[in-house]
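Generate the whole structure from the sequences, applying the supplied hints.
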Amino acid sequence: RKEVEQDPGPFNVPEGATVAFNCTYSNSASQSFFWYRQDCRKEPKLLMSVYSSGNEDGRFTAQLNRASQYISLLIRDSKLSDSATYLCVVNLYGGSQGNLIFGKGTKLSVKP
Amino acid sequence: DTGVSQDPRHKITKRGQNVTFRCDPISEHNRLYWYRQTLGQGPEFLTYFQNEAQLEKSRLLSDRFSAERPKGSFSTLEIQRTEQGDSAMYLCASTLYGTSALNEQFFGPGTRLTVL
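Protein sequence lines, in the order shown, are assigned to chains L and A.
Position one of the first sequence corresponds to residue 1 (the working numbering), numbered consecutively onward.
Position one of the second sequence corresponds to residue 1 (the working numbering), numbered consecutively onward.
These aren't lab readings, by the way, just hints derived from the structure by calculation.
C-beta atoms are modelled at their ideal positions from N, C-alpha and C, and glycine is treated no differently.
Among these hints, one or two may not hold up.
[What the hints assert, rightly or not] Label-pair restraints from in silico Cβ distances: (1) L:G58 / A:G72: 34 to 44 Å; (2) A:Q17 / L:K79: 36 to 46 Å; (3) A:R81 / L:R59: 16 to 26 Å; (4) L:G16 / A:N51: 41 to 51 Å; (5) A:G72 / L:A20: 40 to 50 Å; (6) A:R64 / L:E3: 31 to 41 Å.
[Claimed, not checked] Straight-line Cα separation of at most 30 Å, DSSO-like style, residue types lysine-lysine; simulated pairs: (7) L:K79 / L:K45; (8) A:K57 / L:K104; (9) A:K11 / L:K42; (10) L:K45 / L:K111; (11) L:K45 / L:K107; (12) A:K14 / L:K104; (13) L:K45 / A:K11; (14) L:K79 / L:K111; (15) A:K57 / L:K2.
So, in structure tokens, the structure goes:
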């Protein structure tokens, strides 16, 4: 199993659509989980952290299922400006190491 | 601008030359990370520092790569005898470790290296 694995994409959706991204991780001891957004030829930027109880930030909802080692990101009412690559990121080895393991990313393209 | 900065933003070099990149983290951040990203891939961890101590190096970091953070502030990443396979975006990130269990990392704009 790959350390952090994401849906391959790309996802091409119309404006206003709801889109969901999935991600699995290999180490059950992982402690911290994030979704980052990366625009073309730009650096990754934190979109949201993922909490055990699930969390919502406006149109974005993140969920964590520790038993299945699975993270998801739901985007409702998608906008043209949501077009980007979404990276699933895990502090895979927990503890104090802190280095993040990134998935390959899922590209989202929102069309008018 | 109080974010993470990197210099240069772009570097073109010939195979066999040495290159050095600099990263200035957010000023109060004690941890600094280096990642490498190639097209179609997510960033791959290379190494990280807590203050001036280099705490971990990835197996991706061959002997040709060296990183320093001499005063616990800025960091440099040097690649000796560059190879075409070193062409990538080199990203630096920083975080204030210990204040949050989540340790969110903030990335700089990256240095894009092209080895001819």
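For each hint, the structure was consulted:
For the pair G58 (chain L) and G72 (chain A), the supplied restraint of 34 to 44 Å holds, since their beta-carbon distance comes to about 37 Å. Under the hint 36 to 46 Å, the C-beta atoms of Q17 (chain A) and K79 (chain L), about 44 Å apart, fit the expected range. Range check, R81 (chain A) to R59 (chain L): Cβ separation about 48 Å, and the 16 to 26 Å hint is violated. For G16 (chain L) paired with N51 (chain A), a C-beta distance near 48 Å keeps the hint of 41 to 51 Å intact.
For the pair G72 (chain A) and A20 (chain L), the beta carbons lie near 42 Å from each other, so the given range of 40 to 50 Å is met. Evaluation of the 31 to 41 Å hint for R64 (chain A) and E3 (chain L) yields a failure: the beta carbon distance comes to about 25 Å. Only pairs whose Cα atoms come within 30 Å are accepted, and K79 (chain L) paired with K45 (chain L) is accepted, the gap being roughly 18 Å. For the suggested pair K57 (chain A) and K104 (chain L), the alpha carbons sit about 21 Å apart, so the restraint of at most 30 Å is met.
Distance hint between K11 (chain A) and K42 (chain L) is fulfilled; the C-alpha atoms sit about 16 Å from each other, no more than 30 Å. Proximity of K45 (chain L) to K111 (chain L) is assessed by CA-CA distance (about 22 Å); at most 30 Å being required, the pair is judged to hold. For a cut-off of 30 Å, the pair hint linking K45 (chain L) to K107 (chain L) stands: about 15 Å separates their Cα positions. Of the pairs offered as hints, the one joining K14 (chain A) and K104 (chain L) holds, with about 29 Å between alpha carbons and a cut-off of 30 Å not exceeded.
Between K45 (chain L) and K11 (chain A) the alpha-carbon distance is near 23 Å, which keeps this suggested pair within the 30 Å criterion. With a CA separation close to 8 Å, the supplied pair K79 (chain L) and K111 (chain L) stays within the 30 Å bound. The hinted pair formed by K57 (chain A) and K2 (chain L) meets the criterion: a straight-line CA distance of about 20 Å does not exceed 30 Å.
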